[in-house]
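Trainee: Take a look at the letters that make up each chain.
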Amino acid sequence: MSTFPQHLDVEAIRADFPILSRTVRNDKPLVYLDSGATSQKPRQVLDAERSFYELHNGAAHRGAHLLSEEGTEIYEGARAKVAAFLGADPGEIVFTKNATESINLVAYTLTSSVKPGDEILITEMEHHANLVPWQLLAERTGATLRWFTVMPDGRLDLDPALITERTKIVAVTGQSNVTGVIPPVTEIARLAHEAGVPVLADGAQLVPHHPVDVTALDVDFLAFSGHKMLGPLGLGVLYGKAARLAALPPFLGGGDMIEVVRMEGSTFQPPPARFEPGVPPAPEAAGLAAAIDYLSALGMDNVAAHEESLTAHALDALRDINGVRVLGPDTTKDRGGAVAFEVDGVHPHDVGQVLDDLGIAVRTGHHCAWPLHRALGVRASTRATFYVYNTHAEVDEMADGIRYAQRFFGVRQ
Amino acid sequence: MYQELILDHSRNPHHKGLRDPFDAEVHHDNPVCGDEVTLRVLLKDVDGEPVVEDVSYDAEGCFISQASASMMSDLVIGKPVGEAMAISEAFLELMHSKGAGEPDEDVLEDAVAFAGVSQYPARVKCALLGWMAWKHATAKAMEVGH
Chain A
1 MSTFPQHLDV EAIRADFPIL SRTVRNDKPL VYLDSGATSQ KPRQVLDAER
51 SFYELHNGAA HRGAHLLSEE GTEIYEGARA KVAAFLGADP GEIVFTKNAT
101 ESINLVAYTL TSSVKPGDEI LITEMEHHAN LVPWQLLAER TGATLRWFTV
151 MPDGRLDLDP ALITERTKIV AVTGQSNVTG VIPPVTEIAR LAHEAGVPVL
201 ADGAQLVPHH PVDVTALDVD FLAFSGHKML GPLGLGVLYG KAARLAALPP
251 FLGGGDMIEV VRMEGSTFQP PPARFEPGVP PAPEAAGLAA AIDYLSALGM
301 DNVAAHEESL TAHALDALRD INGVRVLGPD TTKDRGGAVA FEVDGVHPHD
351 VGQVLDDLGI AVRTGHHCAW PLHRALGVRA STRATFYVYN THAEVDEMAD
401 GIRYAQRFFG VRQ
Chain B
1 MYQELILDHS RNPHHKGLRD PFDAEVHHDN PVCGDEVTLR VLLKDVDGEP
51 VVEDVSYDAE GCFISQASAS MMSDLVIGKP VGEAMAISEA FLELMHSKGA
101 GEPDEDVLED AVAFAGVSQY PARVKCALLG WMAWKHATAK AMEVGH
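Chains A and B, in that order, are what the protein sequence lines are.
So the first sequence is residues 1 to 413, counted in our numbering.
So the second sequence is residues 1 to 146, counted in our numbering.
These are calculated hints, taken from the structure and not from any lab test.
The beta-carbon is built from N, C-alpha and C at its ideal position, and this holds for glycine as well.
Where hints are given, some of them may not hold.
Taking lysine-lysine and the DSS-like style, the derived pairs with C-alpha atoms no more than 27 Å apart in a straight line are [unchecked claim]:
| # | chain 1 | residue 1 | chain 2 | residue 2 |
| --- | --- | --- | --- | --- |
| 1 | B | Lys140 | B | Lys98 |
| 2 | A | Lys115 | A | Lys241 |
| 3 | B | Lys98 | A | Lys28 |
| 4 | A | Lys28 | B | Lys125 |
Here are a few chain A residues that sit away from chain B, every Cβ distance over 12 Å (derived from the structure) [as the list claims (entries may be wrong)]:
| # | residue |
| --- | --- |
| 5 | Ser112 |
| 6 | Pro160 |
| 7 | Arg190 |
| 8 | Ala317 |
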């Protein structure tokens, strides 16, 4: 039995997650390897959300009563917490529904500044959330969508010639949700900025798993979801450099985002209020603040190191199984904890089904990254993703489960 | 879920491969996993009634979708369209039964093996991929002149 370096006290962490003590099919303990889709939530996050409703429930930014004031304080406190977590200013943090909405916000509000003949530059490895909104922007404006292609090992073919005077924005993932590849975002930002082009990073798989400082990363926009980083569903974040956000018109209209409303027309708040119409989701913000406290107490460096160790173990374990091929790089260099793989002769749905019967939750399909699968010559894959509560024993259980599936379907002796 | 019958059909699918002639061809995808099927239907008139003369298909997918398409072709080829549609309705009903269905083996034959699959909502789409393509192609074939 080999031993692994301990970056986190995983046993103590697991005790904070009530769901990890339930059983699933056939009374098996839950082995949750789908945090890339959504993470589980510790008691501290659930308590924060519950305590908002039990003690402070009032509509933030409205009303002259104490509860509304407390709601506002908690909501704005969460904004300040997110800002500090990223090294940003609170005025640069917009709360949205999720990363998808954050990206759509930027793609939609850029409409009036994009003209026929302009170019929008993305990559072939994007999740559909950072692909389809840009296709729609191109369709609305007559602009052309261009992309950095993916090489056979899953890494980006970074051709600087694709950034031209016609490029209006570059949008790139911070970490692939399929191959775990971490593209050189800072390098891309440098090239783009030399041409005066803003950069959006899809941080949905980056921010939950790595220390992120927006100044060092130097992107103009960063989108991510709270629910993939131990927080509640329904709350996402758009970070934008102050001047970039200020240049964008409103996205959704309604209460709270206005200055003066007359029947003839309205004027609008500066960011971030400009982009947050309606009663804000303060309980979810309280939950996200608790999630950030939780992650910060663990230390994001330790979180990243723990996942790197699990990823290395998974790559080793999968390499040992005949007939299994991992998509993307087979080392942890510039590669995060998303490990997608093929099993010869067994469709991912069938692999996932057998693992599910063993209590092991993985993702199957194209994981909302269809063009990337096509580029890698794969129809679909099975994917394991890791987080703070996962153990090396769970990685071994998955590997055993894959061998079992191979025997079950008769593709292994 | 993986009854021996399902594994048998998925390993040796019946009537697989695209054939000529045909009256209509359709292409269906499962957007969740990218699985796809291209399916052709040939009808013929027998005493004024349309009968399924042939069903041929090319499909990529999981054991469930492969086996289902294979059993579907067994069940509908040679049957009057009306009867084949009724079988397809019976299969649809079984797949939406959430494990509570009691399939009629006289109607569904080997496809009764799918009763267990109906307990897994995520897999129902896989089981229906071939059937939906067949219904669509048959409706198209009826439009073009049968």
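Trainee: Which numbered hints turn out to be false for this structure?
Mentor: 1
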